[in-house]
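FYI, in my numbering the residues of the sequence shown are 4 to 407.
Hints listed in this document are in silico derivations from the structure and should not be mistaken for laboratory results.
A hint or two may mislead.
Said to hold, decoys possible - Using 27 Å as the maximum straight-line C-alpha spacing, the simulated DSSO-like pairs for lysine-lysine come out as follows:
#1 K79 - K243
#2 K200 - K131
#3 K401 - K147
#4 K190 - K360
#5 K79 - K122
#6 K231 - K138
#7 K122 - K360
#8 K172 - K76
#9 K131 - K53
#10 K364 - K191
#11 K76 - K371
#12 K131 - K77
#13 K138 - K181
#14 K182 - K196
#15 K243 - K253
#16 K122 - K138
#17 K79 - K190
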Amino acid sequence: MEPNNLHKDVPVPPEFSHYAANYPGMPMMGYYVEPEVTILDYWRVFWARKWLIMIITLLCGALAVGVSLIMSKKYKTQASIMPLTSSGSSGLSNLASQVSSIPLVGSQPGGLGALGGGKSKELVNILKSRTLSEKVIDKLGLMKVIFARQYDPASDTYRPNWMGVIPVKEDAINVFQKKISDVEEDKKTGLIKVQVKLGDPALAAKIANEMVIQLQAFIENNSLTLSKRNRIFIEQQLVKNGAKLLEAGKELNNFYGNNRISSIIPQLDVNVGSFESLPKPFEDFNAELLENQRREENVNKQLADTRVKQVPGQIVLQFLTLKRELIARSHALLTQQYELAKIEESKEDLAFQVIDKADVKVRPSSPKLILNVAIGIFGGFFVAVFIAFFSEYIRQIKAKESPR
């Protein structure tokens with residue numbers, strides 16, 4: 004054993020640190036300082052094992068090509084929808100932000116920003132819901148497609164898998180939401196993209212379009228907002244009040260035909276009330292309508308009392324006229340509030356417009372051959388370099404431990 008290597012594992016004393024730093028590898032009283040590793044040393048290791056690195060890299064690239072060719076092809080299609088509001092376009096929010104910067108104008112159209120967007124999150128949640136997924140699966144019979152390997156067409160049943168589990172509707176919904184369908188919102192354009200990835204391109208397009216159809220059906224059947232309830236209530240009151248107005252007109256017309264009216268104009272102490280501007284809040288409108296109906300009932304009672312007491316026909320005519328006037332005022336109140344309710348309902352309703360329907364794709368979206376090969380080559384290269392340097396490290400350890 005060479006004397007220079009004596010006690011090479013013993014740390015250098017502090018008094019020899021300056022000497023060791025300036026004269027690496029030189030012997031000094033039984034101590035030995037190993038030289039630093041440079042880039043040239045790494046290059047020597049790399050060049051010495053260049054064939055190993057090349058072979059492993061090429062093998063990994065070839066493996067990536069083989070795996071890509073073996074993998075089943077998937078086709079990805081997409082349907083795009085745009086949320087709408089009462090204005091018909093989400094672009095009003097951008098318009099409002101531009102107009103608001105104009106002096107003396109920005110404070111006026113403050114409501115424009117509320118008309119644009121704001122419904123995307125609700126639409127995305129509905130598209131991702133289990134209810135909509137279940138409807139699409141049932142409509143297109145996707146459970147047989149998802150569990151095609153376990154489905155037995157002869158008995159129309161499903162065989163258990165290797166774990167002994169028989170698929171059920173819940174399993175099909177989970178697979179559909181996690182592996183087949185995907186819904187995302189484009190923050191830049193505001194579009195909602197309904198994406199479907201499947202081995203059958205025609206079925207993938209059919210599923211994406213069916214999701215949009217089921218979305219519209221869900222909105223029409225389940226969306227019941229406060230404004231919609233108000234509109235339905237006013238609509239029912241309009242029908243009832245219209246019938247009452249027609250009956251009051253007939254009653255007044257029959258009275259004219261069956262009676263002779265004198266020219267005496269009596270004075271009645273019936274407070275009909277003033278007909279002021281219509282209140283916009285629904286609560287105020289409802290109170291106004293109830294008050295008008297109470298006055299109408301009061302007139303009906305007095306009208307019945309006049310008939311029992313056989314008062315002059317002119318008095319009865321006056322009551323009939325007042326009754327019809329009250330019903331007409333209630334009808335005008337309901338009509339105007341009905342229009343306001345429809346406007347409010349249109350602001351709250353979920354609505355969208357189909358921008359792009361899902362079409363049948365010709366080229367598969369996966370596997371991506373070029374990307375897989377690139378990943379295989381680069382991954383194989385780094386693995387090969389690691390193996391080369393690790394083997395060199397093992398060789399050096401063995402060389403140091405071998406007897407000289």
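Structure-based check of all given hints:
Distance hint between K79 and K243 is unfulfilled; the C-alpha atoms sit about 54 Å from each other, more than 27 Å. For a cut-off of 27 Å, the pair hint linking K200 to K131 stands: about 15 Å separates their Cα positions. The straight-line distance between the Cα atoms of K401 and K147 is roughly 61 Å, outside the 27 Å bound, and the hint therefore fails. Our distance criterion of 27 Å between C-alpha atoms is met by K190 and K360, whose separation comes to about 20 Å.
Restraint check for K79 and K122: the C-alpha separation of about 26 Å stays at or below 27 Å, so the hint holds. With a C-alpha separation of about 25 Å, the suggested pair K231 and K138 falls inside the 27 Å cut-off, and the hint holds. The hinted pair formed by K122 and K360 meets the criterion: a straight-line CA distance of about 20 Å does not exceed 27 Å. Between K172 and K76 the CA atoms are separated by roughly 26 Å; this keeps the pair inside 27 Å, and the hint holds.
Of the supplied pair hints, the one linking K131 and K53 is violated, its CA atoms being roughly 52 Å apart against a limit of 27 Å. Restraint check for K364 and K191: the C-alpha separation of about 25 Å stays at or below 27 Å, so the hint holds. Taken as a hint, the K76 and K371 pair is honoured in the structure, with Cα atoms around 9 Å apart against an allowance of 27 Å. A distance of roughly 21 Å separates the Cα atoms of K131 and K77; the hinted pair therefore holds under the 27 Å criterion.
With a C-alpha separation of about 16 Å, the suggested pairing of K138 with K181 holds against the 27 Å cut-off. Between K182 and K196, the direct Cα distance comes to roughly 16 Å. Compliance with the 27 Å bound is thereby established for this hinted pair. Between the alpha carbons of K243 and K253 the distance comes to roughly 16 Å, so the proposed pair stays at or under 27 Å and holds. As the CA atoms of K122 and K138 are separated by approximately 22 Å, the hinted pair is consistent with the 27 Å bound.
Straight-line distance between C-alpha atoms of K79 and K190 comes to about 21 Å, which keeps the hinted pair within the 27 Å bound.
In the structure shown, a violation is registered for the earlier hints numbered 1, 3 and 9, in ascending order.
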